[in-house]
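Below, each chain spelled out in residue letters.
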Amino acid sequence: MPMSISASLRYAAPQAFYPLAGRLAPWFAAAAALAAAAGLYVAFFVAPTDAQQGEVYRIIFVHVPAAWMSMFIYVVMAFWAAIGLALNTRLSFMLAHALAPTGALFAFLALWTGAIWGKPTWGTWWVWDARLTSELILLFLYLGYVALNAAIDDPRRADRACALLALAGAVNVPVIYYSVQWWNTLHQGASVSLTRAPSMAGTMLTGMILMAAAFWMYSIAMALARVRCVILEREQESAWAEAQFGGELQARPV
Amino acid sequence: MSWASWSEFIAMGGQGAYVWSAFVMCAVALALEPWLLALRRRNIVGYLRNGARRD
Numbered sequence: 000m001p002m003s004i005s006a007s008l009r010y011a012a013p014q015a016f017y018p019l020a021g022r023l024a025p026w027f028a029a030a031a032a033l034a035a036a037a038g039l040y041v042a043f044f045v046a047p048t049d050a051q052q053g054e055v056y057r058i059i060f061v062h063v064p065a066a067w068m069s070m071f072i073y074v075v076m077a078f079w080a081a082i083g084l085a086l087n088t089r090l091s092f093m094l095a096h097a098l099a100p101t102g103a104l105f106a107f108l109a110l111w112t113g114a115i116w117g118k119p120t121w122g123t124w125w126v127w128d129a130r131l132t133s134e135l136i137l138l139f140l141y142l143g144y145v146a147l148n149a150a151i152d153d154p155r156r157a158d159r160a161c162a163l164l165a166l167a168g169a170v171n172v173p174v175i176y177y178s179v180q181w182w183n184t185l186h187q188g189a190s191v192s193l194t195r196a197p198s199m200a201g202t203m204l205t206g207m208i209l210m211a212a213a214f215w216m217y218s219i220a221m222a223l224a225r226v227r228c229v230i231l232e233r234e235q236e237s238a239w240a241e242a243q244f245g246g247e248l249q250a251r252p253v
Numbered sequence: 000m001s002w003a004s005w006s007e008f009i010a011m012g013g014q015g016a017y018v019w020s021a022f023v024m025c026a027v028a029l030a031l032e033p034w035l036l037a038l039r040r041r042n043i044v045g046y047l048r049n050g051a052r053r054d
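Chains as they are written, first to last, in numbering that gives the first Met the number 0: chain A, 0 to 253; chain B, 0 to 54.
None of these hints come from the bench; they were simulated from the model.
Beta carbons: idealized from backbone N, C-alpha and C, even for Gly.
One should not assume that every hint holds.
Some chain B residues close to chain A (C-beta under 8 Å, calculated; not the full set) [claimed, not checked]:
#1 MET11
#2 VAL23
#3 TYR46
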């Protein structure tokens, strides 16, 4: 549908995307809250006790979705960085900037919940195995991205430097995903994969999918809210940004 | 999964400290981010609102 594609390209302008993001964000936030409520209900009141691990396995309902989101957000961030470099569209870089802190948050949560799960099941908070180490590198890539963006004053140069970092770091994502197959890790293999039937109870899978949906919707809501901040900060000298809040009207002498 | 009592739910089979510290950290982190974003937004919106004084 070429008509709708050209119509949607209108939103490639930050000024046009700003109100659209504002309209969409509350819906994604509401969807996140609903999915989280359903997911937590399944996680604590439907899913049975694990035969081997007892109740501590319930950490899976936040650990796995957080780990999934930390990798998925990185892929989306690298995608927008690549689009930005290829097409020189400012909004693409802004979207990448908006995703990085949320991705860092989920990488941190995956590591935190993993450490707490590791202590009672493996007997250690941390081990330098391939899965844990590559996930830690993912967190450092996110933090490096945010720091690099903050360190370069010229926003256009910061955009390009961050985009290159995001693209170079993208090689780490398949390393995380396949680390449990490529190396002998303490971390278990995937219980849910794209190619096999899941090796877990149906209600456990349902809870995990619901929590993953909640984190996904949350991430979109946060990215949209943050990109609105980024747009306003970048466009603060422009007339439309001030006009949003009456600044321009007051600035004109009567 | 039906819990016999509220205290049994909190105890999580004796592993409550692990389960709840994982879930509480997630709740705190996912509440902190929108709060920090609201502060960031208030900052830039306030700056734009005061455009008259700046000019």
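Once the shortest beta carbon distance from B:TYR46 to chain A is found, is it less than 8 Å? 7 Å, holds
Would the stated hint for B:MET11 survive a check requiring a Cβ distance to chain A of less than 8 Å? 4 Å, holds
Can we keep the B:VAL23 interface hint, with Cβ of chain A closer than 8 Å? 10 Å, violated
Hint compliance for this structure: hint 2 is the single one not met.
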